[in-house]
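Trainee: Residue-level listing of the chains:
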Amino acid sequence: MREPMPAADSVEMEVNGEKRRVNVRASSLLLHTLRNMLGLTGCKPGCENGDCGACTVLVEGLPMKSCLMLTAEANGRKVTTIEGLANSPATYAFAKNQAFQCGYCTPGFIVNCEGLRNAYPQADLETVRLWLESNICRCTSYEEIHAAVQEMLAGYRRTP
Amino acid sequence: MTGAAKYANDNPAPGLLHAKLAVSTHAHARILSIDVSEAMRIPGVLAVVTGQDYPVLTGSPLSDRPPLALDKVRYVGEPIALVVAELESIAEMAAYRIQAEYEPLPAVFTTEEALRPGAPVLHERMSEYEKDEEVYPEPGKNIANRTKIRKGNMEEGWSQCRHIVEVHIHMPQSDHASMEVRSSTAEIKPDGKVFLRTASQSPYAVRGAVSQAFRLPLHHVFVHTPLVGGGYGGKAAIQLEFLAYMASRSVGGRRVRITNSREKDMMSSPVHIGLDSTVKLGCTADGRLMAADIEHRYNCGAYADRGPIMSRAGAVDCTGPYRIDNMRCDSLCVYTNHPYCTSFRGFAHSELTFAMERAMDSLAKEAGLDPLEFRFRNAIGPGDTTPTQTLLTRSTVGDLPKCIAKLMSLKNWQGSSSPHKDGPVVKAIGYSCFWKNSSTPLNAGGGASLVFYPDGTVNLQCGAVEIGQGTRTSLTQIAAERLRMDVGLIHISTDIDTEKDPYFWKTVASRSTFLVGNAVLRAADDAIEQLKRLGSLVLQGLPEDLDVGYGRVFLKARPDISIPIARLAEGVALPNGRTVGGGAIIGRGSYTMQNLTPLDPETGRGVPGPEWTVGVQAVEVEYHPIDCTYRLLRAATVIDAGKVINPALARAQVTGGMSMGLGLGSRETFYFDSNGVLLSPQFRSYKLIRYGEQPQYDVEFVETPHLEAPYGLRGIGEHGIIGMPAALANGLSRAAGVELNRLPLTPERIWRTVHDPF
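Here the protein sequences line up with chains A and B, keeping their order.
Using our numbering, read the first sequence as starting at 1 and increasing by one per residue.
Using our numbering, read the second sequence as starting at 1 and increasing by one per residue.
What the hints contain is simulated information worked out from the structure, not anything from laboratory work.
Careful: at least some of the hints might be erroneous.
[Stated by the list, open to error] Facing chain B, from chain A, some residues (calculated, C-beta under 8 Å):
1) Arg-35
2) Asn-49
3) Ala-54
4) Glu-83
5) Leu-132
6) Glu-143
7) Glu-144
Built from N, CA and C at the ideal position, the CB exists for glycine as well.
Produce the complete structure using the sequences and hints provided.
Mentor: Take a look at the structure:
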């Protein structure tokens, strides 16, 4: 058998709480590694150019477009994909507010919202706008997504 | 929501091969040679396919397009070759090494250039193309179709007009921009059976087209469609499916996937049609429309695809929802050296509405009438005829005056609509009415089956594709309502298999809930009949004395005497040794369009579709005269939905359409250089509305039942988009005090119009 691939590098990262070791080319994108080697296809390619946000994952708790990150850069880091966010407050809020139609952009939005919740649990409207304008939804009018995010954050905004 | 949902490209598998496209770098050129030797030398490349390997023509209603260019290329980005390799990256690299030699030909990019006498002709052999449906191409010219509408007496009409305006509009080509790019996978088994997995709105049409193009028996082609990540009409076209088949054949039938990059999805795959139009419109002194003369020139790009049917739709509904007794329209589908077009949400209606509604505002201004009052006065209704001289009834046209009245009564939209200054900004409201029929083939139809399980649940099978619109949810509701059972007990899968699911024409034209919904009702009725017959044997009553509901078959007069459906599904053993039921209880139903007629080629007379959905839309803008920027404040739609089946889904469909329409109106366009190269094939140059830019949405429904439809419902999936570009342009024209007739309305475009209105 001919070997089309050049020598691979070994990368170890913690994905959704599990230690995973993968052998990748130096040029491999995190998006492709997650999808094609780890089967985490909730991470969606939309533009592979950083424009649409459908492939967003959390790296050390903060959102990162996985099409803009080399797998090698994730070495030794914690990566969370939509598959690791079952029952998260954002997932719950999106489901309750029917903040999706075709569902393709939804994982990216939910992951981004979880990142927002981690970083700015008391985010004001402008902060929310700045965070969420990095993702595109073509089906909805964003009205439902807005309602979902407000609901998700409502618990944190109450004064103690 | 959890990442578990699988779309077409979500099943990476060992052994899967990948195909990538090499594309044309010329807008119009003769292909002299294609050299694939360098690509073939790259390790990991298994095959290269060119047009010469498959000299077939595809496309419906006009077969004008080879899947890979033959002899000629007609747009930049047109596929010329296909590389199959072990890895996607290798296929991509090899595709760039394919060397094509061209002899450039003069190109045409606008409809004006394409229609000029002596213009270079894109399709010299047009007269040899196969045709289906109604299409009237004009060989020797760049006209793929012309639809003519002739109604009333033009001379008499104009003579009664006190006010006449003529408006020229331009709406550019743009993109569907589904978040999921197109992706198709093909595998050919040793016995010749072809398995396709594809992101498509029309799996059954894919089956037919692939079988026809490659001369395969229909029953040898199997199409699987999982969840589709956004369609908007763009995935009703058939393109990558042909290429995936060709790629698989080139490697002995191995499984091959072709997935577009975003850039290829915009420049190589079919896009949204453009329109140039001239509308001449006249009314009496008291504002009654008397005559209209309309010429639509749809820019369908290099190949026709659904363009001829869209240009026909643009003629059929050209007046918008207004009564005009004297009118003529010529609607042309024009070839240019741009990417080719396919159906897009609204199917030529947001375009025709932009033309008509800009003319309506100009005429209202000319006649000194309030724009909404002017529309109200001319609203079409029962007893009026459409441009195709279809006589309307309340059932077929709904109630536009009621929609307008309801809009005027909404809290946010009462009071004066005149533009007013608010400090440094101007606030203004623009209106648009819309209507839409469905432009389907005369025999469009679909089926459904209901299979009863021994645990009391029901499996609904049908061919309507889930593209995010919630059709499949609505269909389970329709079945549950008829069977009088809990909707949670009716199961429906998200995937379509053409092998197992009953046929459905295509998931387009806002027709799924109508056609498949009627089939579901018939399947439910069929099941109820069967259940009564089986129940009568167990309960010892006549079938007509029985009823079905709440999971049981029971005696009408004594509901306490009953048998659970689950037990009939399982089989009931009678004391005499015979068994009632068991095996399988399957209700089946089908429904096909009724009473449609072809349109007369000279006058357009005929019945184009079952009903019109009507409505009115409004947009309020906050315009800054200093720099010509603006904000979208509020947007409203009042639509006659016939019957709202699921209020949350209905609102979401309408607001989603409105958002897309505001995108078309405000920013979406393709920018080309002078050689026809698309300069904006990415979301950083092709702008979409993003979170935070959305206005406040108001959506209200009027319910005038369509008597042929399940529970009286009307199509609403596309309609939110239709009037938005027009309403936005009308609002901004009033705010800026200039006529804004060219889309999209970027601040730069407004600035140019303000400073150089001619």
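Trainee: Take the shortest C-beta to C-beta distance between Glu-144 of chain A and chain B; is it under 8 Å?
Mentor: Holds. Min distance 7 Å.
Trainee: So, Glu-83 of chain A near chain B? Judge it on the closest CB pair being under 8 Å.
Mentor: holds, 4 Å
Trainee: At a threshold of 8 Å, is the proposed contact between Asn-49 of chain A and chain B supported by beta-carbon distances?
Mentor: Holds, because the Cβ-Cβ distance from Asn-49 of chain A to chain B comes to roughly 6 Å (cut-off 8 Å).
Trainee: Should the hint that Arg-35 of chain A touches chain B count as held when the rule is a Cβ pair under 8 Å?
Mentor: Holds, about 6 Å.
Trainee: Against chain B, with CB atoms and a cut of 8 Å, does the hint on Glu-143 of chain A hold up?
Mentor: Check passed: Cβ of Glu-143 of chain A comes within 6 Å of chain B, closer than 8 Å.
Trainee: For the hint on Leu-132 of chain A, does the least C-beta distance to chain B fall short of 8 Å?
Mentor: holds, 4 Å
Trainee: Holds or violated: Ala-54 of chain A as interface residue toward chain B, Cβ cutoff 8 Å?
Mentor: holds, 6 Å
In the structure shown, no violation is registered for any of the earlier numbered hints.
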